[in-house]
Structures are given as structure tokens and as C-alpha cells.
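Model the full structure from these sequences, guided by the hints.
If you're matching them up, the sequences are chains E and X in order.
So the numbering used here is basically just the index in the first sequence, starting at one, shifted up by 35.
For the record, in the second sequence the residue sitting at position 103 is 83 according to the numbering used here, with numbers rising by one throughout.
Hints are computed from structural coordinates only; laboratory data are not their basis.
Treat the hints with care, as some may be off.
[What the hints assert, rightly or not] With a straight-line Cα cutoff of 30 angstroms, these simulated DSS-like cross-link-like pairs (lysine-lysine) come out:
| no. | chain 1 | residue 1 | chain 2 | residue 2 |
| --- | --- | --- | --- | --- |
| 1 | E | K102 | X | K37 |
| 2 | E | K37 | E | K102 |
| 3 | E | K91 | E | K102 |
| 4 | E | K128 | E | K37 |
| 5 | E | K144 | E | K128 |
| 6 | E | K91 | E | K37 |
| 7 | E | K144 | E | K77 |
| 8 | E | K128 | X | K(-7) |
| 9 | E | K37 | E | K77 |
| 10 | E | K144 | E | K91 |
| 11 | X | K(-7) | E | K91 |
| 12 | X | K37 | E | K37 |
| 13 | X | K(-7) | E | K77 |
| 14 | X | K(-7) | X | K37 |
| 15 | E | K91 | E | K77 |
[As the list claims (entries may be wrong)] Non-contacting residues of chain X with respect to chain E, defined by C-beta distances greater than 10 angstroms in every case (computed):
| no. | residue |
| --- | --- |
| 16 | T(-13) |
| 17 | P(-12) |
| 18 | L(-9) |
| 19 | T(-6) |
| 20 | R(-5) |
| 21 | H9 |
| 22 | F25 |
| 23 | T33 |
| 24 | K37 |
| 25 | G42 |
| 26 | E55 |
| 27 | L61 |
| 28 | L78 |
| 29 | E87 |
| 30 | L91 |
| 31 | L94 |
[Stated by the list, open to error] Here are a few chain X residues that sit away from chain E, every Cβ distance over 10 angstroms (derived from the structure):
| no. | residue |
| --- | --- |
| 32 | A(-18) |
| 33 | I(-8) |
| 34 | K(-7) |
| 35 | V(-1) |
| 36 | S7 |
| 37 | R43 |
| 38 | R47 |
| 39 | F49 |
| 40 | N51 |
A virtual CB, placed ideally from N, CA and C, is assigned to each residue, including glycine.
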Amino acid sequence: QKEVEQNSGPLSVPEGAIASLNCTYSDRGSQSFFWYRQYSGKSPELIMSIYSNGDKEDGRFTAQLNKASQYVSLLIRDSQPSDSATYLCAVNKLADDMRFGAGTRLTVKP
Amino acid sequence: KAGVTQTPRYLIKTRGQQVTLSCSPISGHRSVSWYQQTPGQGLQFLFEYFSETQRNKGNFPGRFSGRQFSNSRSEMNVSTLELGDSALYLCASSLTGLNTGELFFGEGSRLTVL
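So, in C-alpha cells, the structure goes:
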């Protein structure tokens, strides 16, 4: 079992729709959770961080964390073609390393 | 504010050689972490340095090593290169370290081993 698992996709949604990206992790001691976006040929950039159970909203992005289910998700509302990228879920345990999922490739079709 | 700078951006080596990659973090950032990115394995953590000390290390062989200087610049070295070392090597800087997760990545050094 991989430590951080994501569906590789590709996930395709029409412009204006909600894109839902999911991530599960295996280490119950994980404390910090992040979503990075990586455009093709570019380096990852942080878009959301979440540390406690529940939802965290930032503009069109909402991160959801459920530690009991070891599940993190990212919702992108009103998806735009510019959101087309690979989304990486990252998980950290205090004083430990950073574990990334393999990423989900999202395509938003005009 | 200057971003994270990695050099060289591209390099080609042959098996058995060694390579040194450099990373200059954002000014004021004391944490530098290194990652290997390949299509098959995704982004894998190599190690993290904070104030010249290695704090964390991923599951890579001893051929992969690094260091950090007093100005926070970091280098990583890969000795006795293997074909499987071909990858994009990314470094990321952070103000406080991995647990805050706010990593700022450089553009990467793309290594090809022939």
C-alpha cells in the first residue's frame, strides 16, 4: 500500500463544473496536509494547506480533511481551463519527511 | 523577492559519473529539501536541511548526499550514477521546515544518465 494514494486520472470536467480530487494516506500520525498544483513542465506550487478536520475554503478551492477516514480532498468550483494541471496531495508527520501522492491529472474542457 | 534558483537546469552524464546540483533558497528561508521526480515514482523526498543540519532523510541509497552552507544554499551530490537516476531533481525552500508545508520549489535540474 502506498503511503499517499491518489487516482492518477485523467479527470476531465467541463468548464464551470466542480472538480473533486481525492487522496488517502496510510499513516495515522500524519498531521499536515497539502495540495500542490503542477503545470506541465513546471514545478509544484502550493495551493492549499489543512491541518484539522473539516473544510477550509480559499476562493474557488475547498480542502476537506477527515482524519478518522484518513482522507483528504480538494474541490475546485467553477473550474476553468487554466486549472488544467496535475494536483499533488502531500502529507507530513511532525519532524518527519514529506510524502507526495503520484498526482491526479485534471483537464478542464472549454 | 527572488525565488528558488537551481543550477544547472539540464545536464547529461554517463553511468558511473557523479553529479552535484545546487539550490539557492529564497532569502531568509532556512530549510531546503530535495526531491526526485520521475514519471513512474512521482515526487519522492530525498532529504531536508535546516541551518546546515540534515533533519530528515528519505529512502534513498547512500550515493545520494547533500549539504547546506551557512548562507542556506544547498548542494546535493549523486555518486556512481545509474540509469535509474535519470529524473527531475527539485529543491524547495521553506521558512520553517516541512511541517508547515509551505514549500517553494525551484524549476528543477533535469538529469539524464546515459
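Quick rundown of the hints versus the structure:
1. E:K102 - X:K37: 25 angstroms, holds
2. E:K37 - E:K102: 17 angstroms, holds
3. E:K91 - E:K102: 14 angstroms, holds
4. E:K128 - E:K37: 16 angstroms, holds
5. E:K144 - E:K128: 36 angstroms, violated
6. E:K91 - E:K37: Judged against 30 angstroms, a Cα distance of about 26 angstroms means the pair holds.
7. E:K144 - E:K77: 21 angstroms, holds
8. E:K128 - X:K(-7): With Cα atoms ~35 angstroms apart, K128 (chain E) and K(-7) (chain X) exceed 30 angstroms; violated.
9. E:K37 - E:K77: Cα-Cα ~25 angstroms, so holds.
10. E:K144 - E:K91: 26 angstroms, holds
11. X:K(-7) - E:K91: The given pair, whose Cα atoms are some 45 angstroms apart, is violated under the 30 angstroms limit.
12. X:K37 - E:K37: 18 angstroms, holds
13. X:K(-7) - E:K77: 23 angstroms, holds
14. X:K(-7) - X:K37: Holds. K(-7) (chain X) to K37 (chain X) sits at ~25 angstroms (cutoff 30 angstroms).
15. E:K91 - E:K77: It holds: about 26 angstroms lies between the C-alpha atoms, which stays within 30 angstroms.
16. T(-13): For T(-13) (chain X), whose nearest Cβ neighbour in chain E is about 14 angstroms away, the distance exceeds 10 angstroms, so it holds.
17. P(-12): The assertion about P(-12) (chain X) holds, with a minimum of 15 angstroms to chain E.
18. L(-9): About 17 angstroms separates L(-9) (chain X) from the closest Cβ of chain E, which puts it past 10 angstroms; holds.
19. T(-6): 25 angstroms, holds
20. R(-5): 26 angstroms, holds
21. H9: Label holds. Min Cβ-Cβ 14 angstroms, cutoff 10 angstroms.
22. F25: 4 angstroms, violated
23. T33: 13 angstroms, holds
24. K37: Contrary to the label, K37 (chain X) does not stay out of reach of chain E, its closest Cβ about 8 angstroms off (not over 10 angstroms).
25. G42: Answer for G42 (chain X): holds, closest chain E Cβ roughly 17 angstroms.
26. E55: At about 18 angstroms from chain E, E55 (chain X) clears the 10 angstroms cut-off, so the statement holds.
27. L61: L61 (chain X) clear of chain E: closest Cβ-Cβ about 23 angstroms, beyond 10 angstroms.
28. L78: 5 angstroms, violated
29. E87: 6 angstroms, violated
30. L91: 15 angstroms, holds
31. L94: 22 angstroms, holds
32. A(-18): Consistent with the label, A(-18) (chain X) stays out of reach of chain E, its closest Cβ about 15 angstroms off (over 10 angstroms).
33. I(-8): Answer for I(-8) (chain X): holds, closest chain E Cβ roughly 18 angstroms.
34. K(-7): It holds; K(-7) (chain X) is separated from chain E by about 22 angstroms at its closest Cβ, greater than 10 angstroms.
35. V(-1): 19 angstroms, holds
36. S7: 18 angstroms, holds
37. R43: Since the minimum Cβ distance to chain E is about 18 angstroms, R43 (chain X) lies beyond 10 angstroms and the statement holds.
38. R47: It holds; R47 (chain X) is separated from chain E by about 18 angstroms at its closest Cβ, greater than 10 angstroms.
39. F49: F49 (chain X) is indeed farther than 10 angstroms from all Cβ atoms of chain E, at 22 angstroms.
40. N51: N51 (chain X) is indeed farther than 10 angstroms from all Cβ atoms of chain E, at 22 angstroms.
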